[in-house]
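**Student:** Since the structure of chain V is already known, use the hints to place chain D on it.
Residues per chain, in single letters:
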Amino acid sequence: MIGDNGDSARHAAQEVGEAFGAVFRIVDDWGAAIRRELEAPGRSVSTAKQLDSIVGDLAIPQLLADGLITGAGFVAAPGFLSDAAWHLAWWLRRLEVPAERGPDAALRRLATVDDPEADQFRDYTTLEWWRVPATTGRRHVTGPYVDYLCTDDYTVTITAPVGRVGAPVGVVGADVHVSRMERALMPVLRSVPGAVTIVSHAGRVIISNETRRAPGSLLRIPGVSEALAGLLAEDAEDSGNPGDGRGGVTELDLPDAKVLRCGDAPLGLVFHG
Amino acid sequence: MPRDLAQADAARAVVFTPLDGVGRGERVAQRLRDAILSGILRDGERLPSESETARRFGVAVVTAREALESLREQQLVQTRRGREGGSFVTFDRERAARLMDERLCGMSRGELRDFALYYAAIAGAAAEAAADRAGPEDLERLAELEDGPIEESLGAARRAVGRFQLEVAALSQSPRLVRAELTLQVEAGSLLWLWLREPDGRERSRLARAKILESLARGPEAARAAATAHIEAAADWLIEEKERLEAALGG
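Chains as they are written, first to last, in this note's numbering: chain V, 1 to 273; chain D, 1001 to 1251.
Read the hints as simulated data drawn from the structure, not as lab findings.
Every residue gets a Cβ at the ideal spot worked out from N, C-alpha and C, and that includes glycine.
Hints are not guaranteed to be accurate.
What the hints assert, rightly or not - Calculated Cβ distances over 10 Å to all of chain D for the following chain V residues:
1) ARG43
2) ILE60
3) LEU92
4) THR125
5) VAL146
6) ASP153
7) ARG212
8) SER217
9) LEU218
10) ALA233
Stated by the list, open to error - Straight-line Cα separation of at most 25 Å, SDA-like style, residue types lysine to any residue; simulated pairs:
11) V:LYS49 to D:LYS1242
12) V:LYS49 to D:ARG1055
13) V:LYS49 to D:MET1107
14) D:LYS1242 to D:LEU1213
15) V:LYS49 to D:SER1049
16) D:LYS1242 to D:MET1107
17) V:LYS49 to D:GLY1201
18) V:LYS49 to V:PRO78
Stated by the list, open to error - A few chain V residues facing chain D, derived, Cβ under 10 Å:
19) TYR145
20) TYR148
21) TYR154
22) THR155
23) ARG180
24) ALA184
25) GLU210
26) THR211
27) ALA214
Chain D with its partners taken away, still in its complex shape:
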């Protein structure tokens, strides 16, 4: 098939991809699972009711029920009956760590690299535009975020990285890059920033952020390179961790 024809056909096929896809229940569950594992939704927090969950995600009530059921099976939520009842987040650190390990081992190296490349494309473009568009006072505000001591827990470090990445995206002045950054954080932040569970990872991420800050003042190319390096380092660690986990299982 001539190359240009193949391209045209691939693009056509995308046009007619089903909008909703299959397994909406699983997608809702995955979204909530990621939010729980990454600490966006906190232990003990009450989730919206089935009907409210359905309304917010734009799915049928039965789909929302399916999603909550799946989270219950994984012991990520607990449902209590009665007037004060509802579904509550139950975050157990060890179980969460085990689920993350399973998820990491369930992904191939290729998939992890591909994801890192995609995230780097978004975060890199955001940093590049931010370097061009931010004023000195914007950079000062960003530096203030990074002022405190190195975070001591996975949750705190995750929130700090998420906030930092989001603020850099906001400095790009691009609503689309901000939206893409947020989506990536919600869907894959818990996995990509898994190195933050180790003190060494928290320190390295902090240094990488300091480098990004410094590069934002230096210029667009330096900023892109620094933003990309942060993500690549996190991905390198992930793949090494996957090796370690799989070796341990194998042995």
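Extracted from the complex, chain V is given alone in its bound form:
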């Protein structure tokens, strides 16, 4: 019975993958643009102000465009800038303010606490969204998680390193609110006959077309965790080719469910009858 709707599930997984793929491309493009600026001959970027202007030019128009992205920017490696040991050039979309009112009203700059002695100071190099891309040299998706350091919202954060593996000059990234993903992708899920749920690599529900599945809860269907581990680990092998995530296995059939990978995104689409 589950196999009957395989095509519509495959189509939904592809659409979810494409929506995320678009965000990945934006983040990758920002990374490349920042790298170009930093490496341009005769150009030296050493102050927070210089960095903010480069990053702001990239991130601010994207945030005001009101796509999936609700937060964006670049976080510098400690010591990279001459005048700020710890620095975040990160902006958040204030969703209650219409974009027409311009960046000053519709965006909020994330405050940096750069005094390591201060209570609010958090060594961001220990946080998942920094640690993983910085050490692996690869793009990473964190969450969904309650982002209590920034927005208090349920968020997915996509980050990619800029610079050398193990010692990057910083990470570039974007936040996507789960509520915005729901609005954008629920129509796709509704088009699938039967129950279908998008889950994180950890098997946590992000969006489901089943009303009783709460975002943040774990999808407890036997075999799903193992299937996700297998399908999403594929990602590690063909990392060099964004857009070509189809090299390996992209779906697995279980007795009670079918698990599909969503394109390049480390997300699973579980079709459970």
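**Tutor:** Chain D only, in chain V's frame:
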């Protein structure tokens, strides 16, 4: 009055409650006072300017000035003039302890119990959802927070408890529970966790946290019970302390 009508009227009355209420200056002062007494704002830390304080709280500059004035009177901040001037936190342990004692004695047992019940409702629900939603690696990370020796000062213990409670709330995956937990910490954490000023309180809180950790792996009901027990024990101590203080004053 028929009961359902009374309920409808009470709810209606809440709808039209003034959003800002009265005494905004006092509310700003209270928020800052709690943050200073609980160690969230540290001794010597420079506070934002009057106009920045006003902007952040969304109040008039004159209201912010009033709040800072009230803190100055209680010697919790000191204002210096000049280029390097501004308002600075002045935290004196003994004075802070005295202010906390006054605050504790100023509250009735009923109010303290009611507050503990409310906090337990939030923290209990968070622990219950966290037990259902956290994965094993989440619990390992939480356990790492509790790895070190028992804290040796009120400030360190307060921060450790605050961090622990917040991380448990974050594991619930609920933005609202996280926000409620943070608000409660800022507004009343310094009072509720007052037992951390005693070595015995620090040890008991640590044991209670170990119990919560263990219960999170056991299941939602156990987790709720353990989270509630932590708060109830702190409230029991508070009310006993209030008795001691009042007996000492009376005698």
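**Student:** Against the earlier hints, flag every one the structure doesn't satisfy and list their numbers going up.
**Tutor:** The structure breaks hints 5, 6, 8, 9, 11, 13, 14, 17, 23, 24, 25, 26; every other hint is satisfied.
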